[in-house]
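Novice: Residue numbers (the working numbering), protein chains in the order written: chain S, 1 to 287; chain A, 288 to 522.
No wet-lab data here; the hints were simulated from the structure.
No residue lacks a Cβ here, since even glycine has one placed at the ideal position from N, Cα and C.
Be aware that a few hints might be false.
[Claimed, not checked] Straight-line distance between alpha carbons at most 27 Å, and here's what the computed BS3-like set of lysine-lysine pairs gives:
{"no.": "1", "chain 1": "A", "residue 1": "LYS396", "chain 2": "S", "residue 2": "LYS159"}
{"no.": "2", "chain 1": "S", "residue 1": "LYS138", "chain 2": "S", "residue 2": "LYS58"}
{"no.": "3", "chain 1": "S", "residue 1": "LYS159", "chain 2": "A", "residue 2": "LYS345"}
{"no.": "4", "chain 1": "A", "residue 1": "LYS500", "chain 2": "A", "residue 2": "LYS481"}
{"no.": "5", "chain 1": "S", "residue 1": "LYS159", "chain 2": "A", "residue 2": "LYS414"}
{"no.": "6", "chain 1": "A", "residue 1": "LYS400", "chain 2": "A", "residue 2": "LYS465"}
[As the list claims (entries may be wrong)] If we take Cβ atoms under 8 Å as the criterion, some of the chain A residues that face chain S in the derived model are:
{"no.": "7", "residue": "MET336"}
{"no.": "8", "residue": "HIS359"}
{"no.": "9", "residue": "ALA362"}
{"no.": "10", "residue": "TYR368"}
{"no.": "11", "residue": "PRO370"}
{"no.": "12", "residue": "GLY374"}
{"no.": "13", "residue": "PHE376"}
{"no.": "14", "residue": "THR377"}
{"no.": "15", "residue": "CYS378"}
{"no.": "16", "residue": "LEU387"}
{"no.": "17", "residue": "ALA388"}
{"no.": "18", "residue": "ASN391"}
{"no.": "19", "residue": "LEU398"}
[What the hints assert, rightly or not] Counterexamples of contact, computed for chain S against chain A with all Cβ distances above 10 Å:
{"no.": "20", "residue": "TYR87"}
{"no.": "21", "residue": "ASN89"}
{"no.": "22", "residue": "LEU104"}
{"no.": "23", "residue": "GLU106"}
{"no.": "24", "residue": "LYS138"}
{"no.": "25", "residue": "ILE249"}
What follows is the residue order along each chain.
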Amino acid sequence: MDAYINLLTNGIATGMAIFLLAVGLSIIFGLMSVLNFAHGAFFMWGAYVGAWIFGLTKSFTLALTSAVLVGAIIGLVVERSTISRVYGNHVSQMLLTMGLMLVLGEMVKVFWGPNILTSPLPAYLAGSWDLNGVIIIKYRLFTIIVGAATALAVYLILKRTRLGIIVRAGVENPEMVQALGIDIRKVFSLVFAFGAALAALGGAIMGPLGGSISPTMGLENQLLAFIVVVIGGLGSFIGSLIGAILVGITGALVSWFLPEAALAVNILLMAVVLLLRPTGLFGGSGL
Amino acid sequence: MILEVEDLHTYIGEFHILQGVSLKVPSGSVTVILGRNGAGKTTTLRSIMGLIPHRKGKITFEGRSIERLPAHRVAQLGVGYVPEDQGIFTCLTVEENLRLAMRNGTSGKLLEKVLDLFPDLRVALRKKAGNLSGGQRQMLALGRALVTGSRLLLVDEPSKGLAPVMVERVAGAISQIKKEITIVLVEQNFRLAKAVGDYYSIIDDGRTVVSGKMGELVENHELLERYLGVKQAAR
Chain S
1 MDAYINLLTN
11 GIATGMAIFL
21 LAVGLSIIFG
31 LMSVLNFAHG
41 AFFMWGAYVG
51 AWIFGLTKSF
61 TLALTSAVLV
71 GAIIGLVVER
81 STISRVYGNH
91 VSQMLLTMGL
101 MLVLGEMVKV
111 FWGPNILTSP
121 LPAYLAGSWD
131 LNGVIIIKYR
141 LFTIIVGAAT
151 ALAVYLILKR
161 TRLGIIVRAG
171 VENPEMVQAL
181 GIDIRKVFSL
191 VFAFGAALAA
201 LGGAIMGPLG
211 GSISPTMGLE
221 NQLLAFIVVV
231 IGGLGSFIGS
241 LIGAILVGIT
251 GALVSWFLPE
261 AALAVNILLM
271 AVVLLLRPTG
281 LFGGSGL
Chain A
288 MILEVEDLHT
298 YIGEFHILQG
308 VSLKVPSGSV
318 TVILGRNGAG
328 KTTTLRSIMG
338 LIPHRKGKIT
348 FEGRSIERLP
358 AHRVAQLGVG
368 YVPEDQGIFT
378 CLTVEENLRL
388 AMRNGTSGKL
398 LEKVLDLFPD
408 LRVALRKKAG
418 NLSGGQRQML
428 ALGRALVTGS
438 RLLLVDEPSK
448 GLAPVMVERV
458 AGAISQIKKE
468 ITIVLVEQNF
478 RLAKAVGDYY
488 SIIDDGRTVV
498 SGKMGELVEN
508 HELLERYLGV
518 KQAAR
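Work out the full structure, taking the sequences as your base and the hints as a guide.
Specialist: Right under this line is the structure:
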């Protein structure tokens, strides 16, 4: 029983970090139809900036805040200077974002070196609680809370605010949004930066969850995020959330019982969902 | 003239779709653009709106040149657009569709007025727009363009795919709206065009071939037959 609770909390915690990565990927694709192969780089930058600032200041709050800020800034600069020039051209987008992934990955090596680094926890989040024999690791609970709170915030923004209505409408028909007098390019930049910031937060949280960070973590987690987005339905917020938790839990269970099959099972999960519902679980549902 | 278009040329990819479209739209009128399928009617509206770039020609709205402006600027200046597929956001509620179109400074009064004009929308405010019928969608598309506070409305084939009863209602709605706003209407349904139009302009193979008063066109059997294929019986 203990083992299962352990696996479940681990799975959900990992799922939440992946969700933060996947939700931006999904909305960016839905709104701008850009398949962003550089999205994992924001996640990785978040992880490195988080660990670096935490090492310097010993403040975890400051570490997370800096990661989010750096993610937003890199996202905004990348969108304004490069991606905004290739809207509508999928081949260019693919080449460009793959190139960006390499450049941003190499820059991480320039600043922090090519080796695996440790990503420590603050003391107040280390350790665990023992609830009548059930061990709850504090940091996992923290990850789940941060993920859930962010999910709720994103949901409320999408559902209640004017920006959210614009984004949802834009996912369906960006041209018509423009014809109603809304500068969709500005919305694109904002959403791209916002998605990058969420990815960076995901990375900053993921670092201490696994304990170490490396220049390959961007690509590895991006692959999971793509699986999540396909399972959940491109452009769907709810889909990213459910998909990420599903992928997190499956990953945790499989790597416990059959470690070598971890990625294969996630891909199998994607294949099954695609066979049953080609648009993903929540594709076209509007949120 | 609220809108003047002079010698407009637009390409879509390699294809030279508009090869000289000209249009003069007097304030407070309904001008109907007529022509066969593929003549360039939709492309004309999209070029005016700034949704496709044009290569050559002048577009003036209220005395101000609007060529080369992006669509959102054209819309902000006061041009509303109702596309052929209505462009309804099906994932949003009716109310959200309308709110999205309202600008800072659009008064609640205007929204009330639109809801009075289309009572169907008032009862469906909380409904997902995707659940509306074809006719109701057309009402929502027109209503949404109206709440932007536009002074000129470009409407693309509002009768398309609607049952005759609904076409009547759309015609009624346009007759109501035209008291307050200038309309450029693309329409294949000649009965509707005749019922609401003050002026007409016929486009053929991407060129404006003839324009004038609707009353005169109705009498001109030769023109109707040559460009529109309208036979005696259909009139």
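Novice: Hint numbers the structure violates, sorted upward?
Specialist: Of the numbered hints, 3, 18 and 19 do not hold.
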